[in-house]
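Heads up: the sequence lines are chains A and B, in that order. Heads up: the first sequence is residues 1 to 513, going by UniProt numbering. Heads up: the second sequence is residues 1 to 513, going by UniProt numbering.
It should be emphasised that the hints constitute simulated quantities derived from the structure, not laboratory data. In this text the structure is predicted, and so the values were computed from the model without any measurement. Please note that a few of the clues may not be correct.
For identical chains, the list gives no copy identity; a pair is met inside one copy or between any two copies.
Unchecked claim - Straight line, CA to CA, 27 Å or less: simulated BS3-like cross-link-like pairs of lysine-lysine:
#: 1; residue 1: Lys205; residue 2: Lys512
#: 2; residue 1: Lys395; residue 2: Lys466
#: 3; residue 1: Lys279; residue 2: Lys93
#: 4; residue 1: Lys463; residue 2: Lys395
#: 5; residue 1: Lys98; residue 2: Lys279
#: 6; residue 1: Lys512; residue 2: Lys410
#: 7; residue 1: Lys512; residue 2: Lys93
#: 8; residue 1: Lys205; residue 2: Lys279
#: 9; residue 1: Lys327; residue 2: Lys512
#: 10; residue 1: Lys93; residue 2: Lys321
Number of protein chains: 2
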Amino acid sequence: MAWFRNLSKFSAINVSHQTQTRNRSAHPFLSSSFDFASRRFISSVNHPTEEKPSVEESSKNRIQYPGLGPTKPHEKPRVVVLGSGWAGCRLMKGLDPKIYDIVCVSPRNHMVFTPLLASTCVGTLEFRSVAEPITSIQPAISREPGSFFFLANCIGIHADKHMVHCEAVTDGYKHLDTWRYTVSYDKLVIALGAQPTTFGIQGVKEHAIFLREVHHAQQIRRKLLHNLMMSDLPGVTEEEKQRLLHCVVVGGGPTGVEFSGELSDFIMRDVRQRYAHVKDYIHVTLIEANEILSTFDDRLRRYATKQLTKSGVRLVRGIVKDVQAEKVILSDDTEVPYGLLVWSTGVGPSPLIQSLNLPKSHGGRIGVDDWLRVPVVQDVFSIGDCSGFVESTGKPTLPALAQVAERQGKYLANLLNRIGKAGGGHANSAKDIELGEPFVYQHLGSMASVGSYKALVDLRQSKEEKGISMAGFVSWFIWRSAYLTRVVSWRNRFYVAINWATTLVFGRDISKI
Amino acid sequence: MAWFRNLSKFSAINVSHQTQTRNRSAHPFLSSSFDFASRRFISSVNHPTEEKPSVEESSKNRIQYPGLGPTKPHEKPRVVVLGSGWAGCRLMKGLDPKIYDIVCVSPRNHMVFTPLLASTCVGTLEFRSVAEPITSIQPAISREPGSFFFLANCIGIHADKHMVHCEAVTDGYKHLDTWRYTVSYDKLVIALGAQPTTFGIQGVKEHAIFLREVHHAQQIRRKLLHNLMMSDLPGVTEEEKQRLLHCVVVGGGPTGVEFSGELSDFIMRDVRQRYAHVKDYIHVTLIEANEILSTFDDRLRRYATKQLTKSGVRLVRGIVKDVQAEKVILSDDTEVPYGLLVWSTGVGPSPLIQSLNLPKSHGGRIGVDDWLRVPVVQDVFSIGDCSGFVESTGKPTLPALAQVAERQGKYLANLLNRIGKAGGGHANSAKDIELGEPFVYQHLGSMASVGSYKALVDLRQSKEEKGISMAGFVSWFIWRSAYLTRVVSWRNRFYVAINWATTLVFGRDISKI
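With the rest of the complex left out, here is chain A:
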């Protein structure tokens, strides 16, 4: 603080130097379980590691920090959660901070309420309303001295050493060096989710936008509004206007259908009024190789098809074989020019998940047993889209749905709390503890909105079974109410309700910020 003492202040009032009087020993970084680096840079080359983590490392410019060491027997055991999606967040919410220290490693500090993400692209909801900070979900993470949120990517797991390798997300700020460190765990929960599948089609990653994160929704919104304004510039030809304002959605699952529905609502209500010059040029096309909403009842599917078509969405059955900067090429060589391309054809395992040397389930997911434990290794669990039952359980791989992830997170939080209470919280100490009931998934049903205040609700447990399935305004009301009650915090529940009310009264906001 030498620089500060040198400064001449013009305020006569004394500033209390909190940093100089605070109790340093209380700081977690100085506690015994923390392998602390006293210099800013430990060395300019990597520390030698005895074993290589599963993902390739060692660029000479990178600096490795020691990180969080193993917990001592008298300390709280540490649960390390990789990921901050539905599964990881529901788990953290349920973990008892009196039993465990919780460390979350994720490249984003919030959970995204994915079922409502499509609504944010067109301004029905605000981006902030669908994002929930992790420290609101589990306040102990910011309060407990041994609990942390690390903005970082996991780059490897050493299951035999009970240790994960992390790399900080520096977000392009030049003043932060990319650094790596390790975090030791007593229990590890892999909840890293999945990534969009491109089926190896050229150009998808370069030209299409996915719809999985808030920044995807922001990008879609910016591009949509930008194209609306560009199409109104002098000198733009008819053909170019058609292209700029052609929104193509690939994939007819719930996300693709809901986004198409929201987009057509936006066009019908807001574009016609606010972009009167170009309103007749904007169109939405939904391309699907098979049938839309294939998991839903036939009757509901027909209803959705009718509703979408009525509100101007063109439904096209086709297989995309190539994606170029301004057009999509179908397998029959049809060229589909577009201004905005949204890709939502389902998800698959990420390269990290593929690279991990752990048992796998069908489809390359991390294999788990009936209690969501990863077999062979100790103290490792996996939940959500990145995990699936190993073949020996005889159970099918569960669909990549928020409700599966959430149910697994809740189950595992209870299981870990029980283990911790029984004294099995620390590494390699849970062998003789009774695990109780295995995880059983009961499907509660599916919902999807199709725009124009209409939705589908299918409450059957599977496609073959009997049960309630309905479509229309009442379903839409159920859809909204159900999601509103699922929104995690009261703050966001309040904001989602307010956003919906404002959209109804004032229309959608169109400022491109």
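With chain A's structure known, arrange chain B on it following the hints.
Relative to chain A, chain B alone:
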């Protein structure tokens, strides 16, 4: 639409082909006053222009479009407004769309409610709440066939030809070629605002963030939250933590003071709770070469100094001589390390304003007469931060304040409506029209919040005159109420009130999206 006819639809329901049946002749781009380019690209080289516009042009890769030609005598005259700040937006709001077609040329499609921008950086208000779409301010722009909003920068003015040169903002999208076009005007209003001054100090543009646009506030917020998370990573030294969490504000005017106040509120209330690990490391320093809030009463200034210091803001009198990536160097060679640097030392004319071959006022602004007309040329007006009275008026240059810009916009809208009604709307036809009262500025007073529910209100017309000046909670209440009533739309007024209420109840949102 050949690509579409080739597609095999799987929906049995017929799609109504609106684009093919719509009345093409009604489209504004095909009207007589529009010089329409039927091919997508007119040519691969620039069209020769008889005279060069004031800003250098002609890169061979750029394509020039003809644009909007002069209006015909039987058509509505066209007012072209350059800029979408307080001045331009207030003008457009007041212009009568029955008299004029309105064309706005601006690189952003919304107005920013600048006095509340500082509050958005820390999440007290949402970004969307302080942005107002231009088509909400003047709906005729999207509805009238001859009115337009062009997302473009003005790159030159041909006053003798009644024409402006524009360049589309392509926003980095590769599929859009940067193109240029011209727009003819009957009346031109230059309301391009000003840009932040750096006093030629090295490194300001590279390392500091200004606080003038929504994207600046977004950048500040992202960096602040990012630094909070980075400082909690394992292996970060004490010194590095101090630096990362040191927020330095340069400039003690209302913006700098309000931002410092908001930041200290955020630290006192939200950081302590949500970032308990690093709360003692975060500090705010406000650097000002002279006195803070120099336009305010001495008593109010002392009050502000006391309040800011009490809430932990360090007030430093110093002159910045150099800005580096992680530290600021003062004129006495003191080094001030920072993690976030906000620069708000006032504004000056932009390069475009400087380059225009028009009469100038004191400080390089565009000179105007008592009726806000630019002398020498016909039908050109200028309002807001980019304009000042020419010397012959004997009037001083008005301060760069929202209230000056707004008052000028309102005055000029009335003046132009009067001219239009009297038949002087078209180019070169207003010579004999009575202009009425000249523009007179009456200062209503100044306000600034200083954090902790305290504000200053100075209702004196100038620093020397007598009048009401007060500070404290009542002032803060007046400050909030006054701004709330000034927010343009009911939608945003509602959102600002809701945001304030939510912040009070739930605290500020900290998700980094």
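Against the structure, the hints:
no. : hint            : verdict
1   : Lys205 / Lys512 : both (24 Å within a copy, 24 Å between copies)
2   : Lys395 / Lys466 : within (22 Å within a copy, 83 Å between copies)
3   : Lys279 / Lys93  : between (46 Å within a copy, 23 Å between copies)
4   : Lys463 / Lys395 : within (17 Å within a copy, 80 Å between copies)
5   : Lys98 / Lys279  : between (58 Å within a copy, 22 Å between copies)
6   : Lys512 / Lys410 : between (39 Å within a copy, 25 Å between copies)
7   : Lys512 / Lys93  : between (35 Å within a copy, 19 Å between copies)
8   : Lys205 / Lys279 : neither (29 Å within a copy, 40 Å between copies)
9   : Lys327 / Lys512 : within (25 Å within a copy, 33 Å between copies)
10  : Lys93 / Lys321  : neither (43 Å within a copy, 49 Å between copies)
Hints 8 and 10 from the list above are not met by this structure, while the remaining hints are.
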